[in-house]
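Visitor: In case it helps, the numbering used here puts the sequence shown at residues 4 to 173.
Hints are computed from structural coordinates only; laboratory data are not their basis.
A hint or two may mislead.
[Said to hold, decoys possible] Derived DEER-like restraints, expressed as beta-carbon distance ranges: (1) P32 x P132: 36 to 46 Å; (2) I163 x V49: 21 to 31 Å; (3) I164 x P16: 35 to 45 Å; (4) L172 x R14: 45 to 55 Å; (5) G143 x A13: 13 to 23 Å; (6) P85 x L172: 46 to 56 Å; (7) G88 x V53: 22 to 32 Å.
[Unchecked claim] Derived pair list, reagent style DMTMM-like, types lysine to aspartate or glutamate, alpha-carbon separation capped at 20 Å: (8) K131 x D90; (9) K142 x D89; (10) K131 x D57; (11) K142 x D57; (12) K166 x D90; (13) K131 x D89.
Since this is a predicted model, take the numbers as computed values, not measurements.
Beta carbons are placed, not taken as given, at the ideal position from N, Cα and C, and that holds for glycine.
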Amino acid sequence: MNDKGNLIDARPPFLPTFIGTGFGSGFWPWGPGTAGSVAATVIWIVLGLVLPADTMWLQAVTWALAIVFTPIGTWATAKLQPYWGDDPSRVVIDEMVGVLIPLAVLQQGEYGWAVVALVLFRFFDIVKPLGIRNLDRRKGAFWVMGDDILGGIYALIVLIICKLLYTWLA
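Construct all of the structure, not just a fragment, from the sequences and the given hints.
Guide: Here's what the structure looks like:
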């Protein structure tokens, strides 16, 4: 163990590592949180290309992924914390869930809005306003996920407002 109580010279188990790092995107050395968010956005785009043209399918699958990834991500994070610490930067499943939340209201082909959703989520994830920082300070695997879920909810709200304003002004 090192001075932080983390295991050293031990490799974490594969499945939690694969899930927690967002299928490996968390190993990106320059902004792993952004890499995880981009990976989730790419997954959303691919889903939009392979799912039936009915927009309800894409929205339903995106919500389902956000809901299912939350407990799975919490589990993976809990398994990785003894190896990498309380809120390791390599764990990006939380960012993936966070960005899926605003993406879940978009329709197939709304790629410009997907970029807006990604930027909004990253803004809230980095700046951590409106209670996000308080959740980020809490200890435990769920809270690693919790601050990004709240950031995703804020991004969702702002995205909906932006889309409404765009519709009214267009």
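Visitor: Would you mind marking each hint as holding or not holding in the structure?
Guide: Hint-by-hint comparison with the structure:
no., hint, verdict
1, P32 x P132: 36 to 46 Å, "violated (27 Å)"
2, I163 x V49: 21 to 31 Å, "holds (24 Å)"
3, I164 x P16: 35 to 45 Å, "holds (42 Å)"
4, L172 x R14: 45 to 55 Å, "holds (54 Å)"
5, G143 x A13: 13 to 23 Å, "holds (21 Å)"
6, P85 x L172: 46 to 56 Å, "holds (52 Å)"
7, G88 x V53: 22 to 32 Å, "violated (37 Å)"
8, K131 x D90, "holds (15 Å)"
9, K142 x D89, "holds (7 Å)"
10, K131 x D57, "violated (35 Å)"
11, K142 x D57, "violated (41 Å)"
12, K166 x D90, "violated (33 Å)"
13, K131 x D89, "holds (18 Å)"
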